[in-house]
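Engineer: Chains as they are written, first to last, in my numbering: chain R, 15 to 294; chain W, 7 to 299; chain C, 621 to 907.
Just so you know, these hints were derived from the structure itself, not from any lab.
None of the values given here were measured: they were computed from a predicted structure.
Take these hints with a grain of salt, some might be off.
[Stated by the list, open to error] List of simulated lysine to aspartate or glutamate pairs, DMTMM-like, C-alpha gap at most 25 Å:
#1 K193(R) - E676(C)
#2 K139(W) - E114(R)
#3 K244(R) - D264(R)
#4 K283(R) - E262(W)
#5 K118(R) - E676(C)
#6 K283(R) - E12(W)
#7 K68(R) - E262(W)
[As the list claims (entries may be wrong)] Partial selection, computed: residues in chain C whose CB lies under 10 Å from chain R:
#8 G662
#9 L668
#10 P671
#11 W672
#12 I673
#13 G675
#14 V746
#15 Q750
#16 G758
#17 A845
#18 L863
[To be verified] Estimated spans, in silico, between C-beta atoms of each pair:
#19 T258(W) - L898(C): 48 to 54 Å
#20 N167(R) - L42(W): 46 to 52 Å
#21 A185(W) - A635(C): 28 to 34 Å
From the three backbone atoms N, C-alpha and C, an ideal C-beta is built for every residue, glycine too.
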Amino acid sequence: MLPKKFRLLLFVQFIALTLLLTVVNVNAQALDVFKGEKGEIMISGGTAHIPVMKDAARNIMSINPNIRISIAGGGSGVGIKQVGEGLVNIGNTGRTPTNEEVAKYGLKMFKWAIDGVGVIVHKKNPVKSLKKIDLIKIYSGEIVNWKQLGGPNRPINVYTRDEASGTREVFWEKGLGKKTITLKANVVVSNGAMKSAVANDPNGIGYVSVGHMDDSISPVTLDGVNPTIKTVKDGSYKISRGLYSNTKGDPTGLTKKFIDYLFSPEGQKIVVENGFIAVK
Amino acid sequence: MNRLGEISVTFFSWLCALSLVAALGTVFVFLLFKGLGGMNLQTIFGDTNAWDALTLRKAVFNGLFPAIVGTILLVIISVVMALPVGLAAGIYLAEYGTGRAKNIFSLSCDILAGVPSILVGLFGFSLSIFLHKYISQNIYPCLLISAASLSFLVLPYLIRTTQIALEQIPSEDRLTALALGAGRLQNIFYVLIPRALSGIVSGVILSIGRCAEDTAVIMLTGVVAMAGLPQSLLAKYEALPFFIYYISSQYTDMQELQMGYAAAIILVGICAVLFVAAFFIKNRLVERMLFRI
Amino acid sequence: MISRFEHLIEKSFLAAALWSMALTILIFVFMLILGLPLFREGRFFSLLFTPWIPGEEQFGIYPMIMGTAAISVLSLCFGAPLAIGVSVFISVLQPGRLGRWLKKVVVLMTGVPTVVYAFVGIFLLVPLVQSFFTAGSGMNILTASLVLALLIAPTMILIFSGSFENVPISYCNAADALGSSAVQKFVYVILPYSWRGIITGLILGAARAVGDTLVALMLAGNAVAVPGSVFDSARTLTAHIALVTAADFDSIEFRTIFAGGILLYLITLIMVLTVRFLSSLKKEASP
């Protein structure tokens with residue numbers, strides 16, 4: 015038998031472990047449904063959703079290594095196409111799928127978060143507030159220099175998203191009133207890319223998901239309203255959108271469990287932790 | 007040409023040589039400077055214990071391990087798919103091809119080698135959609151499709167190096183076995199290929215390097231930002247070059263950027279090792295052959 | 621007597637060669653088939669000259685053609701002189717230890733992954749360009765061309781060097797015997813003789829520049845406007861294909877990238893045929 019000291023240590027460790035497991039178990043109830051499951055979930059689409067997807071996937075895969083979740087970006091357009099064609103199980107969108115899209119693919123939509131789209135500039139840019147009419151002129155190419163807005167004498171570098179982006183769609187519709195975006199704008203392919211582009215360009219201006227905003231860039235007050243979670247929630251910031259996960263037809267099996275997980279208290283906690291607004 | 011002209015040409019030439027070396031040096035020094043600090047177990051395995059990750063007991067989330075494994079698997083599968091075809095076609099061109107036919111095959115090989123890699127990726131993508139629609143709903147862009155597309159990409163290199171290696175065998179060695187009564191195939195397999203082995207192997211290594219570094223093809227055929235270790239050939243996967251591309255525009259904090267630098271160093275390291283290995287193998291094999299004879 | 625088995629193996633060699641040829645053709649045919657709707661509606665040629673504004677149902681690839689042209693030409697302008705200078709160094713001025721060492725360095729450069737060059741370009745070159753030329757974001761034609769030049773230079777250097785060293789030794793000896801210096805030998809003997817090799821190198825370098833995706837995707841900004849200056853953001857055909865394929869694969873928007881693909885394939889084809897033609901020209905004895 016082991017010497018007395020070790021036995022005591024072992025016993026203490028055993029108690030501690032049991033306590034730990036109980037505590038962890040209480041919090042992991044939502045993940046229990048994934049125990050004993052096996053299979054793959056393929057997700058693609060909106061880039062704003064990716065941090066939430068990653069956290070959820072990590073939790074699920076840690077508890078059950080037999081489940082494989084793969085996450086790709088591409089933008090809302092990609093999400094819809096790929097889930098519609100059966101290439102992925104879940105297609106994320108940062109905009110509501112259109113009636114044609116729903117009809118064509120038989121999509122079922124699930125909104126698990128609310129987000130906004132805010133305008134951002136470099137931290138050192140003195141221009142931190144804009145009128146909507148000016149924003150439209152900047153993006154159409156009418157205003158080309160920061161000095162026209164009270165800033166330094168520097169050309170404005172406009173950044174926009176690619177065509178598949180739901181963020182772009184929402185910004186264009188609600189922020190620009192569907193006015194044209196200049197062809198000369200630099201194109202970036204995700205929310206993350208937009209953030210790092212503007213963070214590295216003192217003369218840049220772009221738009222990004224409110225949940226993605228951090229202190230690497232400065233948000234721009236639009237018509238007197240700051241783009242924050244609070245203003246999106248109470249409706250004073252108008253450029254808002256839901257974060258959707260869409261499936262082709264009703265979700266079944268593992269996919270259904272994943273979507274239910276997003277709506278569970280634990281899932282909604284992940285949503286809030288990533289800077290979005292919970293729907294429940 | 008007067009003295010001034012000569013001096014300026016010489017000066018220009020030296021300037022170019024120095025600029026080239028300086029540019030390459032800057033790239034390497036910059037990478038090492040920014041990335042060496044991040045080369046630790048955490049960058050590769052994230053928060054998971056290294057032993058658990060290597061024995062596949064736990065998944066790695068914040069590390070480069072899945073991407074490294076993805077790249078390795080990709081390379082192995084592509085080369086396995088391309089090697090037999092490349093070898094066989096190279097043998098045909100060197101030993102059996104004649105005149106016009108040889109010219110045409112050779113031309114098509116050059117064209118394939120010159121096709122932009124994005125078009126090969128597009129072809130692979132279209133192929134996967136085609137297969138998905140008409141053969142099986144289970145086929146998506148995945149590891150297998152990417153590996154197949156990469157094999158198409160490196161096929162011309164394998165064919166060419168095999169062909170050249172075989173053609174460079176002096177005619178005396180070519181005829182010896184035949185004179186002793188061996189059949190054509192026996193000659194090829196027992197005499198010619200062993201003699202051309204160093205050339206063939208360096209071609210294989212060149213292809214391995216090409217598969218490891220290519221990004222355009224895999225971008226369109228199945229690589230994703232997060233997938234863990236690929237469970238099957240029909241699964242999505244991660245890869246180092248895609249990780250570097252993806253993180254370069256979408257890093258959210260300095261730690262992720264550090265991982266990008268580390269990934270770049272690892273990728274360059276892999277390619278450098280392959281290069282040196284090719285050089286070594288070429289020479290050692292040649293020595294071995296000489297001693298056997 | 622050749623056994624049946626051996627016959628089979630020999631047939632399989634032929635099959636492999638046929639398969640590789642079929643592949644080359646198949647890639648082109650796939651693009652033609654998938655782009656068929658474009659031909660039917662007669663849109664193919666108009667696509668080559670109209671802008672890309674999907675919001676207004678315009679899917680022309682003209683801006684991307686200009687982007688490819690601008691970046692390729694500029695990168696050749698940077699890369700070709702560099703390549704010639706280095707190959708003169710290796711083959712003519714310092715054919716000894718120094719030249720051999722430099723050649724090894726050049727071969728090493730061909731092994732560095734494209735994505736790594738582009739990555740370093742983003743974090744080292746872009747801020748530099750941004751601070752020197754405050755006209756833009758640093759992601760423009762100039763930056764992309766500089767990095768692309770570095771990428772295509774090694775290939776061109778090796779081809780140039782090879783053709784310089786292929787000049788018959790008797791010519792070089794004759795020049796030396798007449799007392800010419802290395803530079804004189806290069807300008808009056810080597811250069812005229814190896815013009816074919818130089819053009820081949822330029823064409824292959826151009827092919828590499830036109831076909832490269834990653835450098836342009838990561839460094840040129842990807843704007844869809846026809847570029848007006850080297851400080852403008854631009855998009856190449858290759859980057860365009862990468863960006864749009866990620867987005868869609870059924871609509872007319874997607875099919876237009878096959879127009880770009882067909883164009884790229886034809887450009888590559890012409891370049892390869894030209895190189896072949898050049899090498900088949902009988903070598904005349906220089907007077």
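Engineer: When the structure is checked against the list of hints, which entries are broken? Sort them ascending.
Structural biologist: Of the numbered hints given earlier, those the structure breaks are 3, 6, 8, 9 and 20, listed in rising order.
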